[in-house]
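Undergrad: Each chain, letter by letter, is given below.
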Amino acid sequence: MSVNRMFRTCPTSGLVFHEPAEKLMRWNAVAAVVSLLIGGLLAIGVVLTRWQAVHLLPPDRFYQYLTAHGLNMLVFWIIFFEIAVLYFAGSTLLKARLATPKMAWAAFWLMVLGALVNNYSVLRGDSSVMFTSYAPMGAHPTFYLGLILFAVGALIACFVFLGTLVVAKAERTYHGSIPLVTFGAVTAAIIAIFTIAAGAIILIPTFLWSVGLVPTIDSLMYRTVWWAFGHSSQQINVSAHVAVWYAVAAIVFGAKPMSEKVSRTAFLLYILFLQLASAHHLLADPGLTSHWKIFNTSYAMYLAVLASMVHGLTVPGSIEVAQRQKGFNHGLFEWLRKAPWSNPAFSSMFMSLIGFGFLGGISGVMMGTEQLNLIIHNTLYVPGHFHATVVVGTTLAFMGLTYFLIPVLFRREITFPKMAQWQPYVFGLAMMGVSLFLMGAGTLGVPRRHWDIGFAGNAFAHEFPGAAWLMMALAGITGIIAIVGGGMYLLITVWSVFLGKKIQTPGFQHVRAKDGIAPAPKPVAAAIAAHHPGIGAGGMVAPGTFALAMVFLTAFVLYYFINWKYLSTVWPLK
Amino acid sequence: MNAERIEDDLPDEPVPVMQQLLDNPFLLLFLGIAMPTVLYIVWGVMEIVSLPIAK
Ligand code: HEM
Ligand SMILES: [Cu+2]
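Respectively, the protein sequence lines represent chains A and B. All you need for the working numbering is the position in the first sequence, starting with 1, plus 91. Quick note: the second sequence, position 2, residue -5 per the working numbering, numbers continuous.
For the record, the hints were derived by calculation from the structure and aren't laboratory data. Where is the CB? At the ideal position from N, CA and C, for every residue including glycine. Careful: at least some of the hints might be erroneous.
Unchecked claim - Chain B stretches covered by chain A per the calculated footprint, using a threshold of three residues with CB under 8 Å from any CB of chain A:
| # | region |
| --- | --- |
| 1 | 11 to 18 |
| 2 | 21 to 27 |
| 3 | 33 to 42 |
As the list claims (entries may be wrong) - Derived coverage of chain A by chain B (criterion: at least 3 residues anywhere in the stretch with Cβ under 8 Å from a Cβ of chain B; other residues may be distant):
| # | region |
| --- | --- |
| 4 | 103 to 109 |
| 5 | 188 to 198 |
| 6 | 362 to 368 |
| 7 | 428 to 441 |
| 8 | 475 to 489 |
Okay, chain B solo, but in the shape it has when bound (with noise of 0.2 Å):
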């Protein structure tokens, strides 16, 4: 058991970054909703309050 863990925790290659970042859920949440909040909306709405008001 315990030598199993050891191993577990020494991979033979290091873990290439785009692994790591498909492996990491959190990170990939973080981007989910950083994207189409800054361009969508974000964007989207200083669009529309920066329309003039009509009189």
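Next up, chain A with everything else stripped away, as it sits in the complex (with noise of 0.2 Å):
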């Protein structure tokens, strides 16, 4: 069997690309875009029915459109683009060529059959179970056939990515240990690993259930091992986007992460620990006792969260790091003012990197904690919580590489530049506007998942307060600017891709490389040294970030102490 071993380097970046891994990369990230709109048209639907004074669609609309967002949104845009992203780690940043690229696009096509056929189900109209689709509550077999399809599609993917670690090692395309970036990627794939097996060993048995060959799936268990896959798929999100926040940092600013040791440590407590955190969608299940909830959701889901937190420190610490050697060293936070914030890609990464540390990452920990927990349940302040870390975080994260991605992948300039300046603004802002007001609902007491709030003709009726009428109407407000904004990203990314202007490189080849290994690129700007004389302030290296991060930690411990006050006037026993 032949083996392609054409590449070519990235007149720009300098990065190399194995010529059927840069095919797959684009394809991959062109049916995440076409997902990110179907769900984004959906939206329209969601929100706007949401706000109760526009209240758009009747009931069983709403619960078809929410479902469709929900799944074109959550699986399918966010994991089409985790698979470019893991071929890029693994291919592009290894100089590497990508293992079996012939079952990469058996992977690829799998997965758009799913989706299509799960779409095809839930259009049907006999499926909208919402994406959790729990049992009893049933949908079309199709349902689960396409989301079976398309995850073992991924798994083929996350398979394919692995072996070409191993193509790598073997034809020693690189020295010593992966970069970071593909560290953050086989940490992805890892979860994505566990996160897709959990997924079949429930949904298999589901799907028989559909079309009679299982007589019954009982509730709980259905609940406890889909949540091993609902949740840790959101885990593959976090250790993606964290990846791309490494990667933006050393495009952007050719800053070095501070300590590979303590990076890598961390992504390591990622792999063994956030997994567990799936039992924080249990905490008002009866049935299960408060050991394993609390084991699972507290003990060792508290070391995730400090993964995070380093994450969340070591990235904008690397930043400032960088900024104030190239001479940006005034005062606590020049680094951070004159850093290019009409840099789309710089813009969208710190956006992601500050809304999903203060709105995704304390409201997260508040939930997850068993007691706290009951405040919230199943209140749009869930929906609230995740729109800031899978929105902003993961969605704007993404949104951010790819303005980097078109020029060095597809070879176009940007159209609209402008434009592109504004849009992760426009997104960014707003999402976070979404995701507060529904949390604030959700504080209110307003229930995810419900048609109407009004009652309206019902026998049990329940006032919600004006507040959280007026909260509904933020978001619905907020949440259209959002969408304006992806509509912005989708108009920029299809325009420059299909109709942009073609970077021209004279004499510009693909080049066979010898042994498999690509040819080598020009080499990067010189890494930093580990000491850094003569920056920083108060003996620290990076006392800007060191900063934010004491505003974070005041944040944090306040708001979750508002929180047991709060829980301790609920039921008020006297």
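Bring the two chains, given one by one in their own frames, into a single complex with the hints.
TA: Structure, rendered in structure tokens:
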């Protein structure tokens, strides 16, 4: 069997692309963006229905849209993009040929087929079971079948990635350890493999149940195993977007991690502990003991939270060091003020970091505490929290990476560069608004997945405070702005990729690499030494980041204890 | 080329244990699957199946 060993070196970035890998990255990225488009259109219906004054859709449509919104966004957009990131981190960053491109294509088409079949089932109208599809609520068999096909495809892609690591090692395309960004991708792939295995354990029996081959599915068993899949898949996102943060810091600033050892250990903590947090979805379920709940969501999970805080510090810390060495060394925050705020790759990445940490992280730890979970369980606080993590955190980080990839991977100039400067702010800030207002409404008791909190014509009505209605209206308004921001991203990317000005490179050619080793890229800017004399203040190289960390800690502690106080007033026992 | 290879195979210092762990994706894969399988799935499922059935 002949192996394609053709590579090209990108003249702008010095990155090395293996021909088949490059094509796969492009197609996976395009499939991702199409899913984002569908999910974004559906978001209009969802958010305008929950804005009570508009109340756009009838109930059956609302649940149908909500189901498809969740799946296209959380599963298809994110995972297609992640597969592109895996191939980039495996093949391009290691300068290695992608292992078995044929399998990678099979994986891609399985994923496409799965996404189509699943969307078809929801479109039929008899599978509006939300993306959690809790048994005994049943969907059409094609709902589960689509998810299974998609998952098998994604699993194959993960193994292609691991195979690429083996190829790179065997063909000696790198020395020593793999780069940190690739290590982050390894973390994501490992968590993905567990995630998909858990999904198979629960979705295959549920599929068999839907066609009548299995008599019943126990609901608690379903929820427990399903969340090993549903929650862990969010941790793939966390690992992937953290890897993207490191990548963008390196690309935009030439920043080197403050400590490779610390960052890698933090990823190891993810591998060991992050997935246990799945238990936070069952905190209100009877049948599981507090031992199991508290071990998995507290003791073990805090080690993973610690890891996130490490990443949240070392990424801005490394940027601060790089900036100070460039001469932005005055005061605490000159490095940040003089950062390239009009570069969408940077602004996306930085808002992703701040939004993920402050909004997603703090709310996540609060709601992952068994007692406090009772305050907000099944309210809109939950979507508020995860729109901070998975939209402001993951989606925005991926958007930022796209702005880097369009010239490098697709060899096109970004069309509408002015709009591209604004896009991360419109999307990111509005989405932070959506998260905050949904959390606000949830704190006031507004349930999630609820078609009408006005209870029109209902015998058992409940009167929500006026503030709750206001929160829903504000979520509606910021939601529409966020959708506009998402539309800007889609317009810019699609236009650039298909109609944008081609970047012409004289003398461009694909080069056959000897022994599978790609031609060496141009040397990157010299590594920043471990010691940085003359920068920083007060004996610290990154005092600004330290100050930010203290602000974070204060916000965290205050918010955490306010919620305990709040819990004490929920059921006044006198 | 050959000399380079030999040099490559004989690192100056022994690789620390922790780094050996971090450099081995398949060992990490094993750990990343074993931990949640035992602590979350197996433990959780055992609790569920040991619940008494209502009559
Ligand atoms: C573009 C702007 C977006 C808006 C305005 C928006 C709005 C909403 C709202 C209001 C809900 C809650 C509905 C309810 O529980 O009643 C919701 C649910 C959800 N959203 Fe979004 N969203 C957006 C983007 C995204 C993105 C990018 C993702 C994932 C990456 C995402 C993932 C989800 C998921 C998983 C649900 C839960 C569905 C369920 O409960 O089954 N959303 N969205
Ligand atoms: Cu979760």
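Undergrad: At a Cβ distance under 8 Å, does chain B reach at least three residues of the region 475 to 489 of chain A?
TA: Three-residue rule not met by the region 475 to 489 of chain A, so violated; n is 0.
Undergrad: Are there three or more residues in the region 33 to 42 of chain B whose C-beta lies within less than 8 Å of some C-beta in chain A?
TA: holds (count 7)
Undergrad: Do at least three Cβ atoms from the region 362 to 368 of chain A come closer than 8 Å to Cβ atoms of chain B?
TA: Result for this restraint: holds, n = 5.
Undergrad: Can you tell me if the region 21 to 27 of chain B counts as covered by chain A, using C-beta to C-beta distances under 8 Å and a minimum of three residues?
TA: holds (count 5)
Undergrad: Quick check: do three or more residues in the region 103 to 109 of chain A have a beta carbon closer than 8 Å to a beta carbon of chain B?
TA: Coverage by chain B is violated here, the residue count being 0 at a Cβ distance below 8 Å.
Undergrad: Closer than 8 Å, Cβ to Cβ, for at least three residues: run that test on the region 11 to 18 of chain B against chain A and report holds or violated.
TA: Three-residue rule met by the region 11 to 18 of chain B, so holds; n is 6.
Undergrad: Quick check: the region 428 to 441 of chain A, covered by chain B? Criterion 3+ residues, Cβ under 8 Å.
TA: violated (count 0)
Undergrad: Check, residue by residue, whether the region 188 to 198 of chain A contains three or more positions whose beta-carbon lies closer than 8 Å to a beta-carbon of chain B, and give the verdict.
TA: violated (count 0)
In the structure shown, a violation is registered for the earlier hints numbered 4, 5, 7, 8, in ascending order.
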